[in-house]
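Undergrad: Start from the sequences, fold in the hints, and give me the full structure.
Number of protein chains: 2
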Amino acid sequence: MDGQISESTMEEKTKCQSLSPYNVRDLVDSVDAFLFDCDGVIWKGDSLIDGVPETLETLRSMKLVFVTNNSRKSRSQYAKKFNSLGISVTMDEIFTSSFAAAMYLKVNDFPKDKKVYVIGEEGILEELELAGFTGLGGPEDGKKTVLLRSNSLFEHDKSVGAVVVGLDQYINFYKLQYGTLCIRENPGCLFIATNRDAVGHLTNLQEWPGAGCMVAAMCGSTQKEPIVVGKPSIFMMDFLLKKFNIPTSRMCMVGDRLDTDILFGLNAGCRTLLVLSGVTSISTLEDISNHIQPEYYSSKVSDIPKFLSAATL
Amino acid sequence: MDGQISESTMEEKTKCQSLSPYNVRDLVDSVDAFLFDCDGVIWKGDSLIDGVPETLETLRSMKLVFVTNNSRKSRSQYAKKFNSLGISVTMDEIFTSSFAAAMYLKVNDFPKDKKVYVIGEEGILEELELAGFTGLGGPEDGKKTVLLRSNSLFEHDKSVGAVVVGLDQYINFYKLQYGTLCIRENPGCLFIATNRDAVGHLTNLQEWPGAGCMVAAMCGSTQKEPIVVGKPSIFMMDFLLKKFNIPTSRMCMVGDRLDTDILFGLNAGCRTLLVLSGVTSISTLEDISNHIQPEYYSSKVSDIPKFLSAATL
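Those protein sequence lines, which keep their order, are chains U and B.
Residue numbering for the first sequence follows my numbering, beginning at 871 and increasing consecutively.
Residue numbering for the second sequence follows my numbering, beginning at 871 and increasing consecutively.
Keep in mind that the hints were calculated from the coordinates and are not lab data.
Certain hints may be false.
Because identical chains share one entry, a pair is satisfied inside a single copy or across any pair of copies.
With a straight-line cut-off of 30 Å between C-alpha atoms, the simulated BS3-like cross-links for lysine-lysine are [as the list claims (entries may be wrong)]:
no.	residue 1	residue 2
1	LYS1094	LYS914
2	LYS1170	LYS951
3	LYS914	LYS885
4	LYS1112	LYS950
5	LYS1014	LYS914
6	LYS933	LYS950
TA: Here it is as structure tokens:
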């Protein structure tokens, strides 16, 4: 699965091709929008990945959208991060799973007099507020402890109508009990997961438990399954479709994770490009146990302008 | 499914009978040991359930064993609890899931120079120490926080060869990362769950997230499944068999949970008695979605002496 495969025009559609000067134009010319995952694609922790500014510059004539499962930040916090790295991106071009959670409540007419309990960080609370909802919990409840005393009752707000669970570095027993009581005891209470990534690069040097860890904990105590709004769920695709009016077949999802980014792209009917600058190695991609095949793969996003230049020579 | 069914001697073995004066002797005369779950059977929180002392008195000529999934306490802490409630029970009659975790390591010749990381409470650390192992983590690490700074590395002990996860009211992101790194990065590191109960009566008035919550969190981040040593796994049965030399067909498991106690009894080939003094209601037992049928059910353990008296009249 290397250069020689991509030269063949007899290539089966389902087989993953290495991106190259021979096929890059086929991909670029056939789409009107590029959807980029961020971590492992645009940056790693706080460092920009090589060649990203030039890549975005080259593709600027198309619609560019940044779709991330990271729920810790809001869209505006993300826009700040882009700008601090020297890339000009507006809030409207960013789709975080924290935003997706708020939008899920909005499109489902979640009553404004009901509250939302958050097992997660600031990004979720901020997006809920922007959408007009009242969030409880979050980092604040990370300081609270429980009192396991006979006959003392742990109280919870009966007006909580949804629990949103995302990555939470302040996870504790208090929050787990609070969220569990809401889901088990408040009639009709929704259980929403921003995403289920097992781990994520919270720092440059290593991976940390992801939202999938906190979501699983809540599944363990409630014995219920959540509504997932981030990748690979295609909930966010509805927004992209409405907003940009571009068919999914003319979008290309670029990501570093097979089970979220690429699956998201495949689920939605997009073109797909896996980059090897994040969590997935070529051996994982080619492993017999992997059943998620992107249409193309390449080492990093800057291969796009590089191959485009080579193709025009 | 009430009194009239138990009067029939044509009763199918697989059908659940209400315990009564008509069948109590069949059960009691056919066993040499009673295995009791504790919470919901012997006590609820810190209150003894009605008639327990008389019941144990009546059955004292047989072997009595207390088998609990609660990993928060060690056997000696449990013996103290029994004694504080006015019931004389020795450490040897108690089998906690914390003890089971230590015994699992012992029978599998876990090297004494390897360490055990504990996501759980004092009971696990105490049983590990009694068995000659070195435990790390536990409540102590509940005070620790993580530093999510670029280029700062979260270090873990490479000599950890097993992670034991039980109910942990001090659960936090530090421990989840520590345990996850051990399981993902230390070659051959074992992932042991004391049990997977979704919730438990940590206080009299309500349920709280159980070990199943913390275990699920670790499954979520490691993408691995644990070795379960508590009920319904029959690992502990090996000990009971060796220790008491009583065939499982001559043991009766008495519990309040279908998916742990009764399943444990059925898995091991024991007689089974469900009591309705804990988490399971008659409607749950009779619900069409329930596929775990005990041999007998009754409102509480003191029905045994009550029905025995009625039977001899």
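Undergrad: Hints broken by the structure, by number, lowest first?
TA: Per hint list: zero violations.
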